[in-house]
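Which chain is which? The protein sequence lines are H and E, in order. Here the UniProt record's numbering is used: the first sequence runs in plain steps of one and ends on residue 253. Here the UniProt record's numbering is used: the second sequence runs in plain steps of one and ends on residue 61.
Just so you know, the hints here were simulated from the structure itself, not pulled from any lab data. Computed from a prediction, not measured in an experiment: that's the story for all the values here. One or more hints might be untrue.
[Said to hold, decoys possible] Now the in silico label distances, taken between C-beta atoms and shown as ranges:
(1) E/F24 <-> H/Q243: 36 to 44 Å
(2) H/D132 <-> E/R35: 40 to 48 Å
(3) H/A37 <-> E/G14: 15 to 23 Å
(4) H/R91 <-> E/W26: 50 to 58 Å
(5) E/L46 <-> H/E155: 41 to 49 Å
(6) E/A17 <-> H/R244: 38 to 46 Å
(7) H/R197 <-> E/R44: 52 to 60 Å
(8) E/R28 <-> H/P201: 31 to 39 Å
(9) E/R32 <-> H/G147: 38 to 46 Å
(10) H/N187 <-> E/R36: 48 to 56 Å
(11) E/F24 <-> H/V195: 25 to 33 Å
(12) E/G14 <-> H/R197: 26 to 34 Å
[Said to hold, decoys possible] Here are a few chain H residues that face chain E, going by a calculated C-beta distance under 7 Å:
(13) L22
(14) S25
(15) G26
(16) Q55
(17) T116
(18) I143
(19) L146
(20) T232
(21) L235
(22) R236
(23) V239
Even glycine gets a Cβ: it sits at the ideal position worked out from N, Cα and C.
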Amino acid sequence: MSDLSLSKPSRFAILANPTRFLELSGRLQPWLYGLAALLLAAGLVLGFLAPEDYQQGRTVRIMFIHVPFAWLAMMAWTVMSASALGTLVWRHPIADVSIKAAAPIGAAFTFLCLFTGSVWGRPMWGTWWVWDARLTSVFVLFIMYLGLIALSRAEEEPGRNARAAAVLVLVGFVNLPIIKFSVDWWNTLHQPASVLRAGGPTLDPAFLWPLLVCAAGFTTLFFALHLNAMRTEILRRRVFALQRLAARRAEAA
Amino acid sequence: MHSDYFAFVAAAYGATAIVLLALFAWIRLDARAQRRALAALEARGLRRRSSGAPPAGEGQS
Numbered sequence: 001m002s003d004l005s006l007s008k009p010s011r012f013a014i015l016a017n018p019t020r021f022l023e024l025s026g027r028l029q030p031w032l033y034g035l036a037a038l039l040l041a042a043g044l045v046l047g048f049l050a051p052e053d054y055q056q057g058r059t060v061r062i063m064f065i066h067v068p069f070a071w072l073a074m075m076a077w078t079v080m081s082a083s084a085l086g087t088l089v090w091r092h093p094i095a096d097v098s099i100k101a102a103a104p105i106g107a108a109f110t111f112l113c114l115f116t117g118s119v120w121g122r123p124m125w126g127t128w129w130v131w132d133a134r135l136t137s138v139f140v141l142f143i144m145y146l147g148l149i150a151l152s153r154a155e156e157e158p159g160r161n162a163r164a165a166a167v168l169v170l171v172g173f174v175n176l177p178i179i180k181f182s183v184d185w186w187n188t189l190h191q192p193a194s195v196l197r198a199g200g201p202t203l204d205p206a207f208l209w210p211l212l213v214c215a216a217g218f219t220t221l222f223f224a225l226h227l228n229a230m231r232t233e234i235l236r237r238r239v240f241a242l243q244r245l246a247a248r249r250a251e252a253a
Numbered sequence: 001m002h003s004d005y006f007a008f009v010a011a012a013y014g015a016t017a018i019v020l021l022a023l024f025a026w027i028r029l030d031a032r033a034q035r036r037a038l039a040a041l042e043a044r045g046l047r048r049r050s051s052g053a054p055p056a057g058e059g060q061s
């Protein structure tokens with residue numbers, strides 16, 4: 001890499017330097033955690049103040065967490081897909097760090113989406129689970145997260161499988177439009193979209209506002225956790241490099 | 001009859017709290033472990049060739 005002090009680096013180049021990235025993200029991280037805590041506290045309070053639904057009763061409160069988890073399950077994979085381009089096109093080490101750090105967080109949100117959906121489905125649909133297109137495609141997404149976690153951690157050397165992981169992420173991206181439009185393309189037990197749809201949200205504002213604040217809170221939490229895990233992954237690679245250096249010196253001595 | 005549903009709502013929020021707290025704890029503990037490992041290596045006099053000047057790359061495949 002060329003000496004950054006010689007030429008005026010672009011904003012992207014500054015962020016792409018791991019040392020600068022550690023400095024900037026270290027300053028940003030507490031603010032992200034704080035903002036996430038504020039938004040989540042506000043969203044959960046709004047959610048519990050919201051009236052009960054005339055049909056669903058209090059189970060409508062599950063919506064305030066289930067829907068953000070579904071959005072985040074897909075957004076995390078989208079973030080990883082953008083990072084996968086960074087690995088394959090620019091071969092940038094931070095892009096792989098981003099994929100590896102995001103995978104367990106995305107998997108956790110996908111699991112919570114499936115779990116909260118299941119305990120919502122039992123009272124409202126009369127079943128914990130059904131193999132309809134929406135539920136099945138999200139389950140496939142969860143399995144892909146697990147596969148990616150296994151692949152990105154299979155080798156002792158961190159980042160060894162960067163290219164394979166990036167290819168897997170891009171192949172898996174095909175699943176996202178299938179998840180989104182599954183409720184339109186097939187006859188599913190799951191309801192069609194209520195918020196992000198042509199013609200605007202069908203939700204009453206009494207439910208829409210708590211949902212949006214919760215979604216903003218969980219999204220901020222995702223980015224705070226992702227940034228934190230990325231910083232750790234950069235340190236892990238430095239530790240690995242130094243350990244290898246120590247081993248080489250021990251051999252030479 | 002709606003009070004029957006309390007357990008389902010509690011299960012959803014309870015599982016969310018457990019999973020997210022566990023995820024948060026794991027990420028924080030992992031961060032601390034790597035910080036300590038790096039500090040221990042540097043205390044042994046091992047330094048990255050690139051430390052000081054910031055170019056990327058060293059040891060980062």
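For each hint, the structure was consulted:
no., hint, verdict
1, E/F24 <-> H/Q243: 36 to 44 Å, "violated, 27 Å"
2, H/D132 <-> E/R35: 40 to 48 Å, "holds, 46 Å"
3, H/A37 <-> E/G14: 15 to 23 Å, "holds, 19 Å"
4, H/R91 <-> E/W26: 50 to 58 Å, "violated, 29 Å"
5, E/L46 <-> H/E155: 41 to 49 Å, "violated, 22 Å"
6, E/A17 <-> H/R244: 38 to 46 Å, "holds, 40 Å"
7, H/R197 <-> E/R44: 52 to 60 Å, "holds, 59 Å"
8, E/R28 <-> H/P201: 31 to 39 Å, "holds, 36 Å"
9, E/R32 <-> H/G147: 38 to 46 Å, "violated, 28 Å"
10, H/N187 <-> E/R36: 48 to 56 Å, "holds, 55 Å"
11, E/F24 <-> H/V195: 25 to 33 Å, "holds, 27 Å"
12, E/G14 <-> H/R197: 26 to 34 Å, "holds, 31 Å"
13, L22, "violated, 10 Å"
14, S25, "violated, 12 Å"
15, G26, "violated, 11 Å"
16, Q55, "violated, 10 Å"
17, T116, "holds, 4 Å"
18, I143, "violated, 18 Å"
19, L146, "violated, 15 Å"
20, T232, "holds, 4 Å"
21, L235, "holds, 4 Å"
22, R236, "holds, 5 Å"
23, V239, "holds, 5 Å"
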